[in-house]
Each structure stands twice: as structure tokens, then as C-alpha cells.
Amino acid sequence: VSSEPSSKAKDTTSESKQGYETLQVTTTDNITKIMLNRPDKKNAITTQMYREIIQAVEEAAKDDSVITVVTGNGDYYCSGNDLNNFTNIPSGGIEKMAKDGAVLLEDFVSHFIDFPKPLIAVVNGPAVGISVTLLGLFDIVYATDRATFHTPFSELGQSPEGCSSYMFPKIMGLPKANEMLLFNRKLTAREACTWGLVTEVFPDKTFEKEVWIRLKAYANLPKNSLALSKQLIRGVEKEMLHKVNCQECERLKERWLSDECMNAVLKFFEKKSKL
Amino acid sequence: VSSEPSSKAKDTTSESKQGYETLQVTTTDNITKIMLNRPDKKNAITTQMYREIIQAVEEAAKDDSVITVVTGNGDYYCSGNDLNNFTNIPSGGIEKMAKDGAVLLEDFVSHFIDFPKPLIAVVNGPAVGISVTLLGLFDIVYATDRATFHTPFSELGQSPEGCSSYMFPKIMGLPKANEMLLFNRKLTAREACTWGLVTEVFPDKTFEKEVWIRLKAYANLPKNSLALSKQLIRGVEKEMLHKVNCQECERLKERWLSDECMNAVLKFFEKKSKL
Amino acid sequence: VSSEPSSKAKDTTSESKQGYETLQVTTTDNITKIMLNRPDKKNAITTQMYREIIQAVEEAAKDDSVITVVTGNGDYYCSGNDLNNFTNIPSGGIEKMAKDGAVLLEDFVSHFIDFPKPLIAVVNGPAVGISVTLLGLFDIVYATDRATFHTPFSELGQSPEGCSSYMFPKIMGLPKANEMLLFNRKLTAREACTWGLVTEVFPDKTFEKEVWIRLKAYANLPKNSLALSKQLIRGVEKEMLHKVNCQECERLKERWLSDECMNAVLKFFEKKSKL
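Chains as they are written, first to last, in the working numbering: chain B, 392 to 666; chain H, 392 to 666; chain W, 392 to 666.
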């Protein structure tokens, strides 16, 4: 796992909070920004990174900021679950690995379900897997026109998470959601916007500038009004979302031990090693 | 409160039912039309007007009409809650005002949840606040291309009502709904149609003509079949809607007593007094 | 009821499973294809055909195929419920007919709610009534640009079925759904795609070719991963769907005995006999 600054990194703010190796977390102008910071690994999420995101989200929930933003450093928003997570087999064997992975994932997603303030994704490039499914739990999703949205679960012998099995059909209807969740269709930013997963798309050239002007204006709105409105909207389905999250993680735990999944992950590394 | 005919008023049908000061209610061709009738106040809804709408909706539910239409007189569909409602402080103080306001609002919205026949909004111009959120409880929404849709809750230190915290995410998905409900985005008629809040948009020039031809045809369809089909569609989430309505009103009652809301309303009147 | 091959029939695969008079059912390349096969009757669904579809769906659920496809033979996808079903009055009278019809319909729709694998509609032409409403229970809907989608329930004095009273508002929002379900609006394929009922539309000329290339690719994906993902997505609302199905059939049973429905069906046959 590398957390060294990469040559592709665009953002080098020096106000980073201490203690994060895989993230850069800053609070300015009432906005807490959580930036995934493994640009040389396309911000793939390692076990350590899941834990750090959980911590950063917990802190953002309690701090004085009005809104919280998640974005990625470099060319990618996030390439999803780091498949190297599957190669660190603990002493308890792969059953232990699957069990621990499911517990961690459920905890991770729970933090997004329960987040008490407006949560905004600034999708600065391609998004894959868990970083896409999780978008259904964000309040606003802004994307560069260079972004793509891809959830290749069945290709990898896996199944949907991040509450997407519930939220995606709610956002775009079953006939569209299943083309993504079952059949691995990769959406362009425009398609994702038309289908309702993305709030608005911006030209890549002016993306950061336009979006941050808007976010700064949002962060000046009455803080409690925003938080309480968000909690009102989320409240009505919070119980359902936790139930869905639990079921998705149960299913994934089984999937991770299946031949289909193991073969798919093996093939992935075989292909990679030949490059 | 003025209920005199305004110079902007376009509709002067003489079949008005008796007893309404803020509405014009007529029944013709199996259609009951409830027209908001304070055109010189952009059809802003006063406390009296909430009560009259409740009564008109109750009567329409029982009369012989096949469909019921809500529209506005003049240039506006409705500019939302009349902020003067906040300035008539009763002897019980602002706590009493907030409590009474929440009870009235919950009763008002309940009537739209329970309405037993097809309910159609003919949005003849800009719509603001409660007149927008309530559209999620209508069966059909036709709009002139001159209409806009604006719910500036957080700007006013308030929170969503009219079951919009539940229905808007259902209609357009969370990422779009929150841009309206949390961040005050004003939609054009075309945008509202693309996002699913509006059934169809018509050119302003031919709006009334085209829409009423269609409505008259609808009103000739089998009455019971329409009412029972509507009740079937509504029935599955009626309980949920009443729960949401109750929660929204509880939250608003708190909001109305908050500093954020009071300051925002004060600012509104300050700005107005300077004009 | 005719099950003879029609001159319009395009598909004459010889691997048909035995025992179906109104369907052609084949399994090739991990795909079970259930083709409605009364092309000279626009694939209108008779009582016998409901029963055969139930049987075919049950068999497909158990066989080795990865995905299941429903399509129509000839120019139409399906013209809906065969109104001749209303003319075979059993000895128990029309009450018995309505009761039996509701039991059969509920069982029929239940099989689509519970279907355990990806279920794909290949809509090869116009679709009417139950064949449209049922699409909300499919995982993917591909349509030729020649297809139309029409649910003329209120015109026939009836009410929505196939869980459309729940799924259509979920897919397209209430304001769009009601234009179809209450007011009989016929959608073009493009409209149905924009509204979310159809996953993708193809030019009629290349429809079959393009779609089957895609389906064959889907059928090579990991079988269990697909089935378990689909069950995960469906699972969260299976109970609700069965409840909705039951309510819809109850309501239809009443409707079928109503004057509005009887008059509408009589008018239909009168008109037909004059042609």
C-alpha cells in the first residue's frame, strides 16, 4: 500500500488534518473536504483506507462545518475496492477474511447512512464499484464530464453493496438500475445525470471552479436548517437502509467465498501480472 | 388580506360557489376547479386561505365531479405561504403561533393525501414553497412553460413540507431532490418535467386551451374506475404519507421558533420595506 | 383460440419444448426464451395462455439457464388480456368468472414477483395492458423503436394490475405514471425509455440482432452471482409486491362486475362486429 504523494496529485493544501495516510482532510469556509489520496493507485480503497474514511466521516459529523464533501485526488475519483484486500489472507483463513471484510463494509456504509449533514460528492474522474454504489447515499453528486460510473459486480462474481440494491432502483427505476447492477453497464457522466444518479455535470475544464463557487454558497446557508432538513429526508428510510446494508453484506460474505468470485479475482491478477 | 378582483385576473367565471373569499370554486362538465384567487398577492396562502382550501377540497371530494383541478388566478400559480402569517402573533405568543401553524399545515396536507379522486394541478405560472411541495401529492401536473418551481426552505431557515421529503426523492431521486429541497435550486418548467415533477409542459400561448381540452376528455372517462384506480395507487403509501406529514410539521414547528427562521423572516420584511 | 403458425410468424426454431399450444419455449446458450405465440391474435393472452406462461416461468426458474427472456412472435409484443376471456361465462355466472379470473391473475403475477433469475423483456412491437404493467417486474426491458406502451384501464372501466400501481410511480414518479395508469396515455418507445420503463430502444431494423448479441454476452456471466444479486434487489420489496398484487386483483374482481366495465367490454365487441 502506497500513500506517498504521487506526481499526478493536483491538490497540495497544507491544512491537512493529522493522522491520515490515505486521505487528505481539511476544513475551510464551513466545508469539510475528505479527499481520497492514493492517486497513483487510482484511489482504490484498502482496508486501512476504509478505516480512515470511517474516522474522517465521524469527525466531520461532529465538527463545525455546514457541509461535507468527498472527492478524489488525481485523475480518478475512486477505482473501488482494492483487490489486494483479497490477497492478505489472515491466520483464520479466507472465512475469517470474508467475515472481517463484511463487518468492515457494513460499518463503513452505516456511517454514510447515518451522516447528519448534507454530504456532497465531487466526482473528479472515473468511479468504480463501491465508490459508485455509495453515491446513492449522497445528497448531491456533481461530476466532471470526464467521469464514468461502473459497477462490475457480476463480472467479479460479486453482488451490489452500498445500499445500491435499494437506492438505485429508487433513483432510476429497476430497468435502468439492473443494467448497471446486474449487467455491468458503464455510464458516462451525461447518462448518469439523465438516469438521476448525478445531480449535474460540468465541463472538465471548469469543473472544480464552478463546483466550489457553488459549494461555498451552500456552506453559508443556515446550518441547522440544512442538517435538520437532511435528517428529515433521510429519517424516513434510515431503518430500511440499515436493513438493506446488512443483507448486502451477508450476501457479499457468501460471494467472497464462492468459486465464481475466487476465479474472477484470480483472473484479474493473472491478467495484471501479464501487463 | 385582499380578495378584491385584481386587474391581472384573467378568469371571471360567474358560477363561483358561495362563501369563499380567497378562492373561486366552480363545477362544470364533471370538473371541479379550485382557483386560488388573490392574484394581486401572487396567490400567497394566508391562514384564511388554508382553511378555505381545506373546505373546498372536502366539498370536491364529495361532489359529483369526476376530476378536481387546482390552478391560480393571474400571473402566478402560487407564491407559497404568506409570510404575513408570521406577523399575526396571537395572545399565546409565538409558541402558540407555531403550534397552531403546524396543526393547520398538517390538516391541510392530510386533505391532499386522502383526496379520493384524480387531482390535477394546472400550473399557470411561477410556483413557490408549499405550492410546489404539494405537487408530489397530485396525480397529474400540467405546466405552462412560463412556470418555475422554487422551494427556498433553507434560505428561510425552514424545512420541507407537503410530504416532499418523501415524494420528491421518490419522483426524481435523492441527488436531484436535494438540490431543490436543501439548496433552493429554482427549476424551469422544462427541468421540472425532465426531473419528473411535471407531467407535461405547454407553450404559454396555448396552455389553457390545450390543457382544458384534455381535462374535459378525462372527465368523460368512467368515474368509479378513475376514483378506485387512484385510491389503489395512493392506498399503498397512504399510511407512510401521513407519518411523513406529521414528522415534517413537527420539525417545522421547531424551525419556526428558531433564530435562523426568525432572522430570515425579519430580513425578508426589511428588504421588502426598503422597496 | 388459434395456435396454428401464422403467416406473420418470424421465428420457427425447431427446439420448442413440448406441450405448449400458445407459446414457443426454447433453451439455447444458457438462455430460456418464452415466446408468446399467437401472432394472428397479436399475442392476446387467453386463459389457457396465462396458465401456460405460469408453467413456462416455473420451468425456467428451475432449469439450467442463466437468464430468461420473454418476447412475442410476429408484429406485436402482446395486445394484453384477450377480451374473449369475458365471454366464456362459466356455470357459476359472472361472479364465478370474476373470482376465477382474479385468482388466476394473482397467481400469474406472483410468478413474476418471485422469479429468481434475471428476467428480460424483448419488446418486439406494440404492448398493451397486462403486458405493459408486468414490465415493471422485469429486470431489463429492451424495445424496438416500433413498440408502443398502452394501458387503457379506465377506458375499459378497469384498474391497474401487474403491480403497476406500485412499480410505475416508483419508476417514473406519480405525475408521469398516472398519465398512463389513469388517463390511458400511449407512450412511444422513446418516451417509455425517457420515463424509465424501458432500459434501451433500438432501431427496428437491427433490433433482434443487437439485442441477442447482448443477451448472449449476459448469459456468459457468473450464474449464481446474477441470480443472487437479482434476489437481493427484489428481496427488499417482495412482501410489498405480493400485498400490492393481492389488492390489485381484489379491486379488479369488483371492477369486472361493475356496469362501467361491462358496458365498455360490450362497446368493444359492438365496434369490432361492425368492422
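No lab work stands behind these hints, which were simulated from the structure alone.
Hints are not guaranteed to be accurate.
Just so you know, same-sequence chains aren't split out, so a pair can sit in one copy or run between any two.
[Said to hold, decoys possible] Dumping the calculated DSS-like pairs for lysine-lysine here, alpha-carbon to alpha-carbon at most 25 Å:
1) K487 / K607
2) K433 / K596
3) K561 / K453
4) K629 / K596
5) K433 / K662
6) K644 / K490
7) K629 / K644
8) K490 / K607
9) K561 / K508
10) K665 / K634
11) K662 / K607
12) K662 / K453
13) K634 / K508
14) K665 / K561
15) K596 / K487
16) K577 / K614
17) K658 / K614
18) K607 / K577
19) K662 / K596
Going down the list of hints, with the structure as the test:
Neither within a single protomer nor between protomers do K487 and K607 lie at most 25 Å apart by alpha-carbon distance, with minima of 45 Å and 36 Å respectively. In this assembly of identical chains, the alpha carbons of K433 and K596 lie at most 25 Å apart only when taken from the same copy (20 Å versus 41 Å across copies). Within a single copy, K561 and K453 get their C-alpha atoms no closer than 29 Å, and across copies no closer than 29 Å, so neither meets the 25 Å cut-off. Neither within a single protomer nor between protomers do K629 and K596 lie at most 25 Å apart by alpha-carbon distance, with minima of 37 Å and 45 Å respectively.
Proximity of K433 to K662 under the C-alpha cut-off of 25 Å is restricted to the intra-copy arrangement: shortest distance 18 Å within a copy versus 50 Å between copies. Proximity of K644 to K490 under the C-alpha cut-off of 25 Å is restricted to the intra-copy arrangement: shortest distance 6 Å within a copy versus 45 Å between copies. When the C-alpha separation of K629 and K644 is checked against a cutoff of 25 Å, the pair qualifies both within a copy, at 23 Å, and between copies, at 22 Å. Proximity of K490 and K607 under a CA criterion of 25 Å is satisfied in neither setting, with 41 Å inside one chain copy and 34 Å between copies.
In this homomeric assembly, K561 and K508 come within 25 Å of each other (Cα to Cα) both inside a single copy, at 21 Å, and across copies, at 20 Å. In the homo-oligomer, the alpha carbons of K665 and K634 never lie at most 25 Å apart, since the shortest distance is 41 Å inside one protomer and 53 Å across protomers. For the homomeric pair K662 and K607, the shortest alpha-carbon distance between copies (23 Å) is at most 25 Å, but the shortest distance inside one copy (44 Å) is not. In this homomeric assembly, K662 and K453 never come within 25 Å of each other (Cα to Cα): the closest approach is 44 Å inside a single copy and 35 Å across copies.
Taking the shortest Cα distances, K634 and K508 sit within 25 Å of each other both inside one copy (21 Å) and across copies (22 Å). Taking the shortest alpha-carbon separations for K665 and K561, neither the intra-copy value of 41 Å nor the inter-copy value of 46 Å comes in at or below 25 Å. Taking CA atoms no more than 25 Å apart as the test, K596 paired with K487 passes in neither setting, with 46 Å inside one copy and 53 Å between copies. For the homomeric pair K577 and K614, the shortest alpha-carbon distance between copies (20 Å) is at most 25 Å, but the shortest distance inside one copy (36 Å) is not.
Taking CA atoms no more than 25 Å apart as the test, K658 paired with K614 passes between copies only; the shortest distance there is 17 Å, against 49 Å inside one copy. Taking the closest pair of Cα atoms, K607 and K577 come within 25 Å of each other only across two copies (18 Å); inside a single copy the shortest separation is 31 Å, beyond that limit. For a Cα distance limit of 25 Å, the shortest separation of K662 from K596 qualifies neither inside one copy, at 34 Å, nor across copies, at 38 Å.
When each numbered hint is compared with the structure, violations occur for hints 1, 3, 4, 8, 10, 12, 14, 15 and 19.
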